[in-house]
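Let's have the full structure, built from the sequences with the hints guiding it.
For the record, the sequence lines run as chains A and B. What the first sequence shows, in my numbering, is residues 1 to 397, in sequence order. What the second sequence shows, in my numbering, is residues 398 to 794, in sequence order.
It is possible that some hints are incorrect.
To be verified - Below, simulated BS3-like cross-link-like pairs (lysine-lysine); rule was C-alpha separation at most 30 Å, straight line:
1. K386/A / K349/A
2. K64/A / K783/B
3. K461/B / K308/A
4. K36/A / K386/A
5. K783/B / K705/B
6. K783/B / K386/A
7. K64/A / K746/B
8. K36/A / K64/A
9. K64/A / K308/A
10. K461/B / K433/B
11. K64/A / K433/B
12. K705/B / K746/B
13. K433/B / K746/B
14. K433/B / K783/B
15. K386/A / K308/A
16. K461/B / K36/A
17. K171/A / K568/B
18. K36/A / K308/A
19. K461/B / K64/A
20. K705/B / K433/B
No wet-lab data here; the hints were simulated from the structure.
Number of protein chains: 2
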Amino acid sequence: MDGQTAGDDLLSAIRPEIAQLPESGILIVANYGREKEGLLPLWFGEGDLPTPDFIGEAATTALKAGNTFYTYQRGIPPLRQALSDYLERLYSVPVATDRLTVTTSGMQAIMLTMQMLVGPGDEMVAVSPVWPNIFSAARITGGTVRQVATERREDGWRLDLDRLVDACGPKTRAIFINSPSNPTGWIMPEEDMIALRDFARGRGIWIIADEVYGRFVYDGPEGSRAPSFLEITEPDDRLIVINTFSKNWSMTGWRIGWVVAPPALGRVYENLVQFNTSGTTTFLQHGAATALNDGDPTVDALVERCRKGREIVCSRLETLPNIRLTRPAGAFYLLFGVEGETDSIALAKSLIDRAGVGLAPGSAFGEGGEGYLRLCFAGSHAHLEKAMDRLVPALGG
Amino acid sequence: MDGQTAGDDLLSAIRPEIAQLPESGILIVANYGREKEGLLPLWFGEGDLPTPDFIGEAATTALKAGNTFYTYQRGIPPLRQALSDYLERLYSVPVATDRLTVTTSGMQAIMLTMQMLVGPGDEMVAVSPVWPNIFSAARITGGTVRQVATERREDGWRLDLDRLVDACGPKTRAIFINSPSNPTGWIMPEEDMIALRDFARGRGIWIIADEVYGRFVYDGPEGSRAPSFLEITEPDDRLIVINTFSKNWSMTGWRIGWVVAPPALGRVYENLVQFNTSGTTTFLQHGAATALNDGDPTVDALVERCRKGREIVCSRLETLPNIRLTRPAGAFYLLFGVEGETDSIALAKSLIDRAGVGLAPGSAFGEGGEGYLRLCFAGSHAHLEKAMDRLVPALGG
Numbered sequence: 001m002d003g004q005t006a007g008d009d010l011l012s013a014i015r016p017e018i019a020q021l022p023e024s025g026i027l028i029v030a031n032y033g034r035e036k037e038g039l040l041p042l043w044f045g046e047g048d049l050p051t052p053d054f055i056g057e058a059a060t061t062a063l064k065a066g067n068t069f070y071t072y073q074r075g076i077p078p079l080r081q082a083l084s085d086y087l088e089r090l091y092s093v094p095v096a097t098d099r100l101t102v103t104t105s106g107m108q109a110i111m112l113t114m115q116m117l118v119g120p121g122d123e124m125v126a127v128s129p130v131w132p133n134i135f136s137a138a139r140i141t142g143g144t145v146r147q148v149a150t151e152r153r154e155d156g157w158r159l160d161l162d163r164l165v166d167a168c169g170p171k172t173r174a175i176f177i178n179s180p181s182n183p184t185g186w187i188m189p190e191e192d193m194i195a196l197r198d199f200a201r202g203r204g205i206w207i208i209a210d211e212v213y214g215r216f217v218y219d220g221p222e223g224s225r226a227p228s229f230l231e232i233t234e235p236d237d238r239l240i241v242i243n244t245f246s247k248n249w250s251m252t253g254w255r256i257g258w259v260v261a262p263p264a265l266g267r268v269y270e271n272l273v274q275f276n277t278s279g280t281t282t283f284l285q286h287g288a289a290t291a292l293n294d295g296d297p298t299v300d301a302l303v304e305r306c307r308k309g310r311e312i313v314c315s316r317l318e319t320l321p322n323i324r325l326t327r328p329a330g331a332f333y334l335l336f337g338v339e340g341e342t343d344s345i346a347l348a349k350s351l352i353d354r355a356g357v358g359l360a361p362g363s364a365f366g367e368g369g370e371g372y373l374r375l376c377f378a379g380s381h382a383h384l385e386k387a388m389d390r391l392v393p394a395l396g397g
Numbered sequence: 398m399d400g401q402t403a404g405d406d407l408l409s410a411i412r413p414e415i416a417q418l419p420e421s422g423i424l425i426v427a428n429y430g431r432e433k434e435g436l437l438p439l440w441f442g443e444g445d446l447p448t449p450d451f452i453g454e455a456a457t458t459a460l461k462a463g464n465t466f467y468t469y470q471r472g473i474p475p476l477r478q479a480l481s482d483y484l485e486r487l488y489s490v491p492v493a494t495d496r497l498t499v500t501t502s503g504m505q506a507i508m509l510t511m512q513m514l515v516g517p518g519d520e521m522v523a524v525s526p527v528w529p530n531i532f533s534a535a536r537i538t539g540g541t542v543r544q545v546a547t548e549r550r551e552d553g554w555r556l557d558l559d560r561l562v563d564a565c566g567p568k569t570r571a572i573f574i575n576s577p578s579n580p581t582g583w584i585m586p587e588e589d590m591i592a593l594r595d596f597a598r599g600r601g602i603w604i605i606a607d608e609v610y611g612r613f614v615y616d617g618p619e620g621s622r623a624p625s626f627l628e629i630t631e632p633d634d635r636l637i638v639i640n641t642f643s644k645n646w647s648m649t650g651w652r653i654g655w656v657v658a659p660p661a662l663g664r665v666y667e668n669l670v671q672f673n674t675s676g677t678t679t680f681l682q683h684g685a686a687t688a689l690n691d692g693d694p695t696v697d698a699l700v701e702r703c704r705k706g707r708e709i710v711c712s713r714l715e716t717l718p719n720i721r722l723t724r725p726a727g728a729f730y731l732l733f734g735v736e737g738e739t740d741s742i743a744l745a746k747s748l749i750d751r752a753g754v755g756l757a758p759g760s761a762f763g764e765g766g767e768g769y770l771r772l773c774f775a776g777s778h779a780h781l782e783k784a785m786d787r788l789v790p791a792l793g794g
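Given below as structure tokens:
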């Protein structure tokens with residue numbers, strides 16, 4: 001057999017669902033442009049600030065003290081306590097440690113939850129456009145995802161709640177809500193959250209709330225935050241909240257997240273952690289606890305930086321007659337449309353060639369995303385200004 | 398609803414396969430004895446040496462240098478190169494970097510492989526007794542595991558290869574071999590590996606080789622190692638090799654492992670990493686590379702320490718007439734039987750109460766394990782001597 005034949009043979013010998021996992025549209029574009037000299041990449045979901053020193057030092061101290069052994073599957077007690085304190089400080093509701101599990105990334109929090117809720121024959125309804133990893137995680141566990149797209153109006157992105165409710169059928173086990181949304185910045189209004197909670201309670205459907213960007217909101221005073229499902233539910237509600245250290249404290253490379261679940265599911269998550277990765281790096285958890293306990297000013301400063309980043313990119317692109325955008329209410333992305341463009345991958349590639357700027361294609365984010373491009377404004381302001389100087393003329397401004 | 402009712406209701410609202418994941422028999426015993434004052438725990442699979450400083454320093458340096466961003470899903474290039482160099486040094490066969498994926502623990506290497514190969518309706522055949530997490534990982538992905546037990550003879554544990562072959566039916570997608578074995582120390586002879594390779598090739602069955610303890614062998618000269626499936630296969634064979642940094646370099650708390658697979662599966666593992674955890678901690682990978690490049694003396698010293706640990710525990714227990722044991726050829730566990738005892742969980746609990754020593758019950762390891770207890774001899778010699786001083790009289794010596 002030659003190499004190609006051998007490769008095809010091997011791919012036919014694994015589960016077809018896994019062999020056919022789609023390549024991320026973001027990566028298709030990133031791989032196209034990654035090596036281009038002088039490229040300004042705004043396609044991924046992270047800023048350009050390294051983790052603050054005080055967080056790294058706490059982890060280093062724990063490492064030097066010999067915290068290099070196996071530890072609690074659900075996370076070390078000081079970290080779970082710090083999480084409980086943080087959530088209560090933020091939302092003014094108690095979140096007991098028996099509801100908390102530390103995970104190896106927000107992504108893992110999602111995967112464990114898919115394993116628990118969305119198996120073969122099960123459906124999940126997700127509000128789109130949405131981070132495409134959601135679709136693939138559900139596909140790996142055997143489930144299917146039905147999408148309900150938000151729509152861009154003059155005053156922002158909007159979800160038609162009736163359409164979401166209508167999309168839930170007899171096989172629907174869970175509804176996935178990412179608010180503030182990656183990629184649109186949409187924030188679900190609290191009255192909609194309450195209506196959805198009541199609908200889900202009546203039907204016994206789980207709500208999976210990805211609240212990773214909950215601190216990144218722009219239209220209120222400094223220190224504002226998005227409403228959380230934690231505020232309008234009871235501990236025994238069928239609610240799973242997904243979160244991560246990645247965005248708030250510039251810790252993308254650390255791979256630590258957490259999940260909030262009903263207390264009765266504690267042993268279930270303990271098992272799932274055990275059989276997926278057997279826990280999160282012991283000494284790094286001390287750094288994560290320090291981020292929670294001492295990192296509020298870090299988050300506030302980062303959100304302010306992003307607020308100015310949003311101003312930079314929106315004020316420049318708003319001047320262009322062929323650009324469709326509304327300022328994102330939250331998260332740190334702008335999803336904007338270009339008049340007449342219907343192939344966002346081709347457009348993103350063309351902007352790499354013509355402008356030297358890397359954007360993510362909207363089509364990667366599912367229904368409602370095609371015709372749009374996603375731009376991350378979490379980076380430095382000088383970097384964003386430079387990218388705008390290139391993008392505006394390339395887009396016809 | 399009261400708390401109990403609410404909990405039952407929630408557990409009935411998740412996938413039954415997940416709700417019913419069995420609690421680890423090791424944890425049942427450990428939870429029974431964990432808080433007992435003065436207990437000597439030998440139930441888990443780790444020693445008592447913290448990670449060597451030179452490895453921690455490499456990670457700390459990378460952290461301080463700002464390596465805190467997202468990185469390659471399959472691992473940073475210097476780590477994959479160090480893995481390739483290490484494996485070639487050890488086995489004198491080339492293992493190209495396109496076959497290597499860094500994972501968040503050996504456990505994750507197993508889970509990703511289960512997702513890829515062992516879905517609903519699929520069967521895996523595993524040589525038992527075996528680390529129980531294997532069963533649960535396959536159960537989470539929807540598969541079933543058929544066990545073929547090794548048997549203890551005067552000269553060591555033995556596998557009847559014909560029984561392994563006979564256990565493979567039309568639904569068998571993979572054969573799981575952990576050699577050297579946790580918990581028995583059994584090492585699969587190279588001629589059996591070749592025969593199994595030929596059988597698997599003929600039937601198109603995958604071999605999953607868990608070679609985590611490949612460096613821990615005791616009956617040859619210093620620097621010996623167990624035979625590896627890497628030595629007797631081609632890159633395009635249906636072979637997945639699982640490994641971890643945990644045991645060789647005392648890095649259990651780090652959560653880093655790796656997998657060797659055919660080059661054609663590179664993108665598959667990249668996707669699986671992406672959708673399970675989105676990668677392994679960036680700066681820690683620099684520590685792992687240093688472990689591989691500079692850590693050979695560390696491994697040799699640790700194996701020597703375990704060789705003496707094996708001598709301590711075996712020489713003491715061999716004197717007891719009611720103890721059934723053969724010296725383990727590899728890994729760092731002794732699985733020993735006690736005449737007349739058929740309930741290893743009850744026996745392990747009783748030894749906590751009567752001797753203050755924590756052992757793992759053999760029944761946790763599947764077929765062939767009941768009636769035995771597993772003792773980890775990777776700890777300090779003083780600790781092992783003290784445990785023997787307590788165990789020998791309690792076992793009737």
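Taking the hints in turn, this is what the structure says about them:
Distance check on the hinted pair: K386/A and K349/A sit about 19 Å apart at the alpha-carbon level, within 30 Å; holds. Distance restraint check for K64/A and K783/B: the Cα-Cα separation of roughly 28 Å lies within the 30 Å cut-off, and the hinted pair is therefore satisfied. With a CA separation close to 28 Å, the supplied pair K461/B and K308/A stays within the 30 Å bound. Between K36/A and K386/A the alpha-carbon distance is near 16 Å, which keeps this suggested pair within the 30 Å criterion.
For the hint linking K783/B to K705/B, the alpha-carbon distance of about 15 Å falls within 30 Å, and the restraint holds. A C-alpha spacing of about 68 Å is found between K783/B and K386/A, which places the hinted pair above 30 Å, so the restraint is violated. Between K64/A and K746/B the alpha-carbon distance is near 35 Å, which puts this suggested pair outside the 30 Å criterion. Using a Cα cut-off of 30 Å, the hinted pair K36/A and K64/A is violated, with the two alpha carbons roughly 41 Å apart.
Taking the CA atoms of K64/A and K308/A, the gap is about 39 Å. The hint is violated against a cut of 30 Å. A threshold of 30 Å between alpha carbons decides the hint, and for K461/B with K433/B the separation of about 40 Å lies outside it, so the pair is violated. A threshold of 30 Å between alpha carbons decides the hint, and for K64/A with K433/B the separation of about 28 Å falls inside it, so the pair holds. For a cut-off of 30 Å, the pair hint linking K705/B to K746/B stands: about 27 Å separates their Cα positions.
As the CA atoms of K433/B and K746/B are separated by approximately 11 Å, the hinted pair is consistent with the 30 Å bound. Between K433/B and K783/B, the direct Cα distance comes to roughly 16 Å. Compliance with the 30 Å bound is thereby established for this hinted pair. Proximity of K386/A to K308/A is assessed by CA-CA distance (about 15 Å); at most 30 Å being required, the pair is judged to hold. Using a Cα cut-off of 30 Å, the hinted pair K461/B and K36/A holds, with the two alpha carbons roughly 28 Å apart.
Taking the CA atoms of K171/A and K568/B, the gap is about 28 Å. The hint holds against a cut of 30 Å. For the hint pairing K36/A with K308/A, the CA-to-CA distance comes to about 28 Å; that is within 30 Å, so the pair holds. The straight-line distance between the Cα atoms of K461/B and K64/A is roughly 14 Å, inside the 30 Å bound, and the hint therefore holds. The straight-line distance between the Cα atoms of K705/B and K433/B is roughly 28 Å, inside the 30 Å bound, and the hint therefore holds.
In summary, the structure is inconsistent with hints 6, 7, 8, 9, 10 from the numbered list given earlier, while agreeing with the others.
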